[in-house]
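Going down the list, the protein sequences come from chains A and B.
For what it's worth, the numbering used here labels the leading residue of the first sequence as 18, then goes sequentially.
For what it's worth, the numbering used here labels the leading residue of the second sequence as 774, then goes sequentially.
Treat each hint with caution, since some may be false.
To be verified - Each computed DSS-like pair below joins lysine-lysine, with the alpha-carbon atoms no more than 27 Å apart:
1) A:Lys90 / B:Lys812
2) A:Lys118 / B:Lys820
3) B:Lys820 / A:Lys90
4) A:Lys171 / A:Lys114
5) A:Lys170 / A:Lys118
Read the hints as simulated data drawn from the structure, not as lab findings.
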Amino acid sequence: MSDVTTLASETNCHIFEGCGFPAPGLHNFIFKPLFSVGSFDFNKPMLLALLSTVVIVGFFWAAFNKPKVVPGKLQMVGEAGYDFVRRGIVYETLGKKVGEKYVPFMVSLFFFVWIMNLWSIIPVAQFPVTSIIAFPAGLAAIVYIMWMYLTFKKHGFVGGWKNVTGYDKSLGPILPLVVVLEFFSNVLVRPFTHAVRLFANMFAGHLLLLMFTIASWYLLNGIGIAYAGVSFVMTIAMTAFELFIQAVQAYVFVLLACTYVQGALAEHH
Amino acid sequence: MIALAQLAAAAPENPLIPPIPELVIGLIAFAIVFIFLAKKLLPNINKVLEERREAIEGGIEKAEALQTEAEQTLAKYKEQLAEARHEANRLRQEAQEQGAALIAEMRAEGQRQREEIIAAGHAQIDADRRAAAQALRQDVGQLATDLAGKLVGESLEDVARQSRVIDRFLDELEEKAEAAR
Chain A
18 MSDVTTLASE
28 TNCHIFEGCG
38 FPAPGLHNFI
48 FKPLFSVGSF
58 DFNKPMLLAL
68 LSTVVIVGFF
78 WAAFNKPKVV
88 PGKLQMVGEA
98 GYDFVRRGIV
108 YETLGKKVGE
118 KYVPFMVSLF
128 FFVWIMNLWS
138 IIPVAQFPVT
148 SIIAFPAGLA
158 AIVYIMWMYL
168 TFKKHGFVGG
178 WKNVTGYDKS
188 LGPILPLVVV
198 LEFFSNVLVR
208 PFTHAVRLFA
218 NMFAGHLLLL
228 MFTIASWYLL
238 NGIGIAYAGV
248 SFVMTIAMTA
258 FELFIQAVQA
268 YVFVLLACTY
278 VQGALAEHH
Chain B
774 MIALAQLAAA
784 APENPLIPPI
794 PELVIGLIAF
804 AIVFIFLAKK
814 LLPNINKVLE
824 ERREAIEGGI
834 EKAEALQTEA
844 EQTLAKYKEQ
854 LAEARHEANR
864 LRQEAQEQGA
874 ALIAEMRAEG
884 QRQREEIIAA
894 GHAQIDADRR
904 AAAQALRQDV
914 GQLATDLAGK
924 LVGESLEDVA
934 RQSRVIDRFL
944 DELEEKAEAA
954 R
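Chain B on its own, in the form it takes in the complex (with noise of 0.2 Å):
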């Protein structure tokens, strides 16, 4: 080192020839500024440059959560949506099955009515038709029987031979009906 320093004093034109000084301050001057950033200064800005990274991915995470949520929320909803209408259309079908029946009960309800309806009116009308005929029969041969008494001039009293002939000749009549029919 001083061989150095006599030789740089020796020589001060070269400037190969490094100054102890000048070597010493150099050297002194980029210590403070190495302990000043290494010890104080980076380390500070790294925690804030920690925290920002942080801060922002937290908030990347945050609407990443956000997102999931409202992702979760519609699902929830459509289903509850496809659920509805599920049941509405249930609900459709039921009353038409329910109205579809009512209907065809009411047909065969009617169907019935007018079923006893008819056969009750064939029933009045055979019974009149009866009713008729016996009266028909009766008055028939009340007229013939006084008529055949004028004709003949005989009482013809005798119920049960009058009611025998009256009969025998209705029936006489019946059968011309039946044949010429």
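Next comes chain A alone, as it looks inside the complex (with noise of 0.2 Å):
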């Protein structure tokens, strides 16, 4: 089996002709170079993940760029997702007043992402961004950061220990264990789990669409053909699924990324 990505029509077997059943894997996460320069190889997930910003930009520079008071279909797009992400993620969870100052963070987080994660459904470059590690691990230590400057500017450095490890004196005897898991929790894994819980999912996601579509293609052959039918329906059905988790997963980082920032600038309880 080859080490970097194949298509499924590439193989060219089907059932019955004496070959096993090309089985995605870890192998479709890898990618042969586009092209190098020096030691530097510049390949697919990176084109899409530039590709994203040019149109992430380029949707928003049309949208935004002349804005009339009165909107056109574009603009009026553009003011939808804006506000989607502004009131619906934004002042839910910091409020008005404190939220503003991390709208345009928050709207940039949720786009790229999202884009990034639709590349998966798009054709020619089906593949989500975010199955790559390094892309929400990126994303996830920006916030992380953000979290941890917010915590300690806001508390000093004892208040934001404090902050980050729970620390309640109320709590009596049990106090120690709380912080040790609060501390574990919170300055160890969150970082971890916020860029892993976006990052399996497209993973999983893409191995599932793969399944499908390779089988698709391995099982058209004699009476594997009406099996091949119903994993084409899957296909088809787990594409829709996909779209529907891609927005959910882009939803689900961006607020817990304002989640972080609210406890970051909580008072202390």
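Assemble the dimeric complex from its two separately framed chains, guided by the hints.
The following block contains the structure:
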């Protein structure tokens, strides 16, 4: 089996022809470089990440560069997306007064994650960029640094540590246990779960789509054609499901970022 | 970082080890999106959203001002109407009062004139009666004297006597007439 991505049709082998099922796996997430500059390899996920930037900036440029009080269609769509994140996520968690400052960051984050996810079902691209851990990890790291910065800026050094460890004298004898657990869960695990939640969802979603797509092709022989039909229907269904999951994961990622910021700015209790 | 990169290179199959080039590209891609949105495009749209909110609220304010003005005008008209009605009532009452006074005055005048006429009539009748009585008394005296002269054959020319006798006679007649009444 090759160690880089192969398309299902490239195997050109069907069931009952003496070849095994070319099951999707990790090799589907490793790409041959499109070109190399020295030791730097430029691959498909990188291209898609940069294309996401182009798409998002291009869209919002077209929608918001010369905005009108009476909006055109594109501006209306842009406003709806902007308002969804602003009101639906930021104001809901942080409130209008505190949240206003974080709106541009959260809006950028939402659309960046969403478009990176969306490549999964765009023909030709067909790969969720966020299923490469580096992309969600980078975003989670930004949120983590922001959270830490805000916590210590708001509460000072000691207060900051008390905040991130849930220090509360009224807990009595179990206080050390709580502090250790909270420290572990907030300071160490949080950036990891934040990134992996998005990564794993997209990773698994991509595997599922690959699985049914490859199976539809592989089963296309003799009685297998009936099974191939079922598999193809599943491919369509999973594509629709992925469309939903992509938006949900982008929403969750931004919602968590907002919740962390809210936690950093919260008063002692 | 270098250790992590070596680890990534050594174990390319581990999907949880972030490859550094992708990490860098991802951060750059996000940074570009963030800079464009935060520095230019979202402030743009915020300005317009604010303008729109003001336009809508301005419209509402204008409508409210118009409504207030309309209400004031209506109130003014109602007041004027009430005033006019009141004035008309007052005029009508005045006219009625004046009419009544006029009628009463004319009635009083008529009464007065009637009484005057009646009084004048009475006075006339009295005067006529008295004149008639005077004339009658002289004529009756004359006739009686003449008759008596013819009967007695003596001239009863002594006016004084004559007059006395006649007067006595007439007085008797009157007394009889009184008694008979």
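Going down the list of hints, with the structure as the test:
1. Taking the CA atoms of A:Lys90 and B:Lys812, the gap is about 23 Å. The hint holds against a cut of 27 Å.
2. Restraint check for A:Lys118 and B:Lys820: satisfied, since their Cα atoms lie roughly 15 Å apart, inside the 27 Å limit.
3. For the suggested pair B:Lys820 and A:Lys90, the alpha carbons sit about 18 Å apart, so the restraint of at most 27 Å is met.
4. A hinted pair counts as satisfied when its Cα atoms are at most 27 Å apart, and A:Lys171 with A:Lys114 qualifies at roughly 16 Å.
5. Pair hint A:Lys170 plus A:Lys118 holds up; C-alpha atoms about 16 Å apart against a cutoff of 27 Å.
In summary, the structure agrees with every hint in the numbered list given earlier.
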